[in-house]
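There are 2 protein chains.
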Amino acid sequence: MISIVLLGSGNLAHHLCQAFSKSAKVKVVQVYGRNKRALKKFEKFADTTLDLTLLKPATIYILAVNDDAIKPLSMALMEKQGLVVHTAGGIHMDVLQHEHRGVFYPLQTFTADKEVDFSAVPISIEAHKKEDKMLLQDLASSISSEVYDVPSSKRMKLHVAAVFVNNFVNHLYAIGEGICQQEKIPFEILQPLIRETADKIRSLSPEKAQTGPARRNDADTMKQHLSYLENSTHKQIYQLLSESIIKNYEEKL
Amino acid sequence: MISIVLLGSGNLAHHLCQAFSKSAKVKVVQVYGRNKRALKKFEKFADTTLDLTLLKPATIYILAVNDDAIKPLSMALMEKQGLVVHTAGGIHMDVLQHEHRGVFYPLQTFTADKEVDFSAVPISIEAHKKEDKMLLQDLASSISSEVYDVPSSKRMKLHVAAVFVNNFVNHLYAIGEGICQQEKIPFEILQPLIRETADKIRSLSPEKAQTGPARRNDADTMKQHLSYLENSTHKQIYQLLSESIIKNYEEKL
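As you go down the protein sequences, you meet chains A and B in turn.
Mind the numbering: the first sequence is residues 0 to 252 in numbering that gives the first Met the number 0, read in order.
Mind the numbering: the second sequence is residues 0 to 252 in numbering that gives the first Met the number 0, read in order.
Some hints could be false.
For identical chains, the list gives no copy identity; a pair is met inside one copy or between any two copies.
[To be verified] Lysine-lysine pairs mimicking BS3-like chemistry, simulated, CA-CA at most 30 Å apart: (1) Lys70 with Lys183; (2) Lys39 with Lys79; (3) Lys43 with Lys129; (4) Lys234 with Lys43; (5) Lys222 with Lys234.
These are computed hints drawn from the structure, not numbers from a lab.
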């Protein structure tokens, strides 16, 4: 049995707590948070505390907090015997100063009130000590079938890739939504296209799946599209992404 | 019974032909194409021809061809009695010079060999004459439950929105794939995140779903991410999209 103290009371902490609670190999013994109200929803899973000096002993301490809070919070755990890990894609493992340190990074976007099937969430793990990596492997595979061994240097670049395919993609959705609002067309009209675009690359590499005016280097259509865009930042985005596509396929001719 | 002559032998023509063949209200009487080999796969659905002078009479002539081919091909149909429509999101209806003209635009991305559930594909229709619009409404609703009445001016802007959420989104996927390749991490690790990002906005507006370093205006993380990107165009894309996100949420404070 792997005993866990979870530090953090946000979306990720909550989803992790739910996932661990379904595993027979893991027991969350305590959840620490600074916000009494946020801690409420953890009470059915584990003991909760607002007091860092009252943390229980555990095999693993998991920091599921904002990037900025990782270092200061980890300092409060310097005397602990267990393995201390953070869950942030973009933060180096060595921000933690414990001999037994590691990273447990679930590569997914988590929304409050939307259940996640953790078995399909890729978890990227790393540890300073070999035996700790095996422990994290056990922990990760108790909730997910996709466990990857990724060192900090690679993981931090992977995190940039995640920003492109998640945060930036969502922003393009928002631009599409804005155009629909302006034209008084329901955004729902774009949803099947959005889903199919995401679905397509399960069987076809995005590089091969590329279509559109820029892929064809269709200057007339691109010029016309630019004339329709009123927002100057959106114009710039249209231009830059089109140039990037053109360049990408020119280079590969 | 609505009789159809389909002009074009590409992906869209093929998917339309398959969808119409399942409808009892529609009969594809002929498919015209310039490419004998491409026409082969239409033979099980309808007569095919390589000769524009041999087109059969039909209720509707559907031009499912490249944007550039619409106008010249439509000229060859000037003597026809039926309704002539094109299927291009970005082309004005009036490129067609027929009195009975219209647009039948399925808002989806079509891939060869990947079947599409047409019942969920939004179809945007338009016609110069009221009775022709009713005919297109009948045709569209025979294969899809999502039919929208969208005039050319709006549809052409909708088409730009589609470029953002499909072509540009796919390019961001390709950038993510490229980073994975460079780091020798399987691209599969990003797939659940990609799917969830697309899935999330079915219940949450993309504007509200926005997360990430730019949304938090986290300058340190953005600076670090930029330092990881080697490709100068990718750096520019990272910067521009981040600025756009920051600006978007500043304005809405």
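Cross-check of the supplied hints:
1. Lys70 with Lys183: Result: close only across copies, 29 Å inter versus 47 Å intra.
2. Lys39 with Lys79: within (25 Å within a copy, 72 Å between copies)
3. Lys43 with Lys129: neither (34 Å within a copy, 62 Å between copies)
4. Lys234 with Lys43: neither (50 Å within a copy, 45 Å between copies)
5. Lys222 with Lys234: Both, since 10 Å and 24 Å are each at most 30 Å.
The structure fails to meet hints 3, 4 from the earlier list, while all remaining hints are met.
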